[in-house]
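First to last, the protein sequences are chains A and B.
To convert, take the position in the first sequence, counting from 1, and add 875; that gives the working numbering.
To convert, take the position in the second sequence, counting from 1, and add 875; that gives the working numbering.
If you're looking for bench data, these hints aren't it; they were derived computationally from the structure.
From the three backbone atoms N, C-alpha and C, an ideal C-beta is built for every residue, glycine too.
Treat each hint with caution, since some may be false.
Said to hold, decoys possible - Here are the computed distance ranges between Cβ atoms for each label pair:
hint, chain 1, residue 1, chain 2, residue 2, range
1, B, Glu970, A, Gly921, 38 to 46 Å
2, A, Lys1068, B, Leu1017, 36 to 44 Å
3, B, Lys954, A, Leu1021, 14 to 22 Å
4, A, Cys991, B, Glu966, 18 to 26 Å
Stated by the list, open to error - Result set (EDC-like, lysine to aspartate or glutamate): computed pairs, CA atoms no more than 16 Å apart in a straight line:
hint, chain 1, residue 1, chain 2, residue 2
5, A, Lys897, B, Asp901
6, A, Lys910, A, Glu939
7, A, Lys989, A, Glu920
8, A, Lys910, B, Glu927
9, B, Lys954, A, Glu920
10, B, Lys897, A, Asp901
11, B, Lys954, A, Glu893
12, A, Lys954, B, Glu920
13, A, Lys954, B, Asp901
There are 2 protein chains.
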Amino acid sequence: MADSPESESSDVVPHWDELDSKRIADCRIFDVFSKRFRHPEHGTEGDFYVIETRDWVNVVPITEDYRMVLVNQFRFGVKRTSWEIPGGVMENGEEPINAGLRELKEETGYTTGKACLLGSVRPNPAIQSNICHIVLAEQARLTDGLDWDEHEEIVTKAFPIETVYEMVKQGAIFHSLALNALLLFYPHWEKIKARGR
Amino acid sequence: MADSPESESSDVVPHWDELDSKRIADCRIFDVFSKRFRHPEHGTEGDFYVIETRDWVNVVPITEDYRMVLVNQFRFGVKRTSWEIPGGVMENGEEPINAGLRELKEETGYTTGKACLLGSVRPNPAIQSNICHIVLAEQARLTDGLDWDEHEEIVTKAFPIETVYEMVKQGAIFHSLALNALLLFYPHWEKIKARGR
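Throw the hints in and build the complete structure from the sequences for me.
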């Protein structure tokens, strides 16, 4: 096999066939399914649990003076507060960029017309079906009021971008999907630095 | 507030108090809980679903000739095959580095005595309690046979490191936690490149 990335995206192990899927828990923002799969060649079968949820979107908001807007909130999974980039659950039929700009505005009051898709990742291919899209929002400005969901309580702060990457090194940003966004944004940050802003 | 990362790790929003926790689904590799929390100041209460599981470990395996060992397997969450770094669930009482080297050996047959912890992330602070540790394993060599779990079927391949980062750009590596490892490994890769290997 060649070393080109294109060839690596082709399948090198067989796809199992899904035989059956039963919802075993409805958890409002996600559902848990028990699914039975069969190996196409061996014929062996197995039951696997899968968490299904809507797709998510995260936004890297960069201000006109090259700061990154982060949010801090209490996270019920880890029972700690967490510095992250803004984001949330996409609505039905929503495009990633629109969803990202909506979440940015609702959570922080920042808006912009300049946005693009940085990439899309899978939060956990083993047990989770959905996609998380990552949107870059440039020239973001604080123009609007906030529109938080029930129980949301968010502190917003615009950090120098070098401080954000320092926070990654220090473990002060630990949300896997926020870190994905910072990986995808890194080449842009290198270009910004190279042209002296 | 100062811009130093240290000050950012302190709490800027209040911690909710956990009042109650009920297991609503046992899914073998994870459990789902319904938890009731109360805001310490407002007194408002809410129910939140949390996925609890053991901590996980992922390994960045670098060979003596500076290739990265990736694995490809069918992933039941996304129903696709996925290029990732080796990893898995930590055993009771296991240290991250030992767990990483164990998973590396079981999944790929590669072993090494040179390993360190690159960092630790939270797969999803909002709905998931656990930690994913990321281990760097250097000078890894193919010395052992494989020891796969039930239903595991893994293709192993050692890629030039530049190809791995090209695969990230192309979307051929899309597992959030593998991407976290590639972010944390990046400064090491820059050092390797700078000294001409």
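Hint check:
1. B:Glu970 x A:Gly921: 38 to 46 Å: Violated - the Cβ-Cβ distance for Glu970 (chain B) and Gly921 (chain A), about 30 Å, lies outside 38 to 46 Å.
2. A:Lys1068 x B:Leu1017: 36 to 44 Å: holds (39 Å)
3. B:Lys954 x A:Leu1021: 14 to 22 Å: violated (38 Å)
4. A:Cys991 x B:Glu966: 18 to 26 Å: violated (43 Å)
5. A:Lys897 x B:Asp901: holds (14 Å)
6. A:Lys910 x A:Glu939: violated (48 Å)
7. A:Lys989 x A:Glu920: violated (49 Å)
8. A:Lys910 x B:Glu927: violated (20 Å)
9. B:Lys954 x A:Glu920: holds (15 Å)
10. B:Lys897 x A:Asp901: holds (14 Å)
11. B:Lys954 x A:Glu893: holds (9 Å)
12. A:Lys954 x B:Glu920: Satisfied, since the Cα-Cα distance of roughly 15 Å is no more than 16 Å.
13. A:Lys954 x B:Asp901: violated (21 Å)
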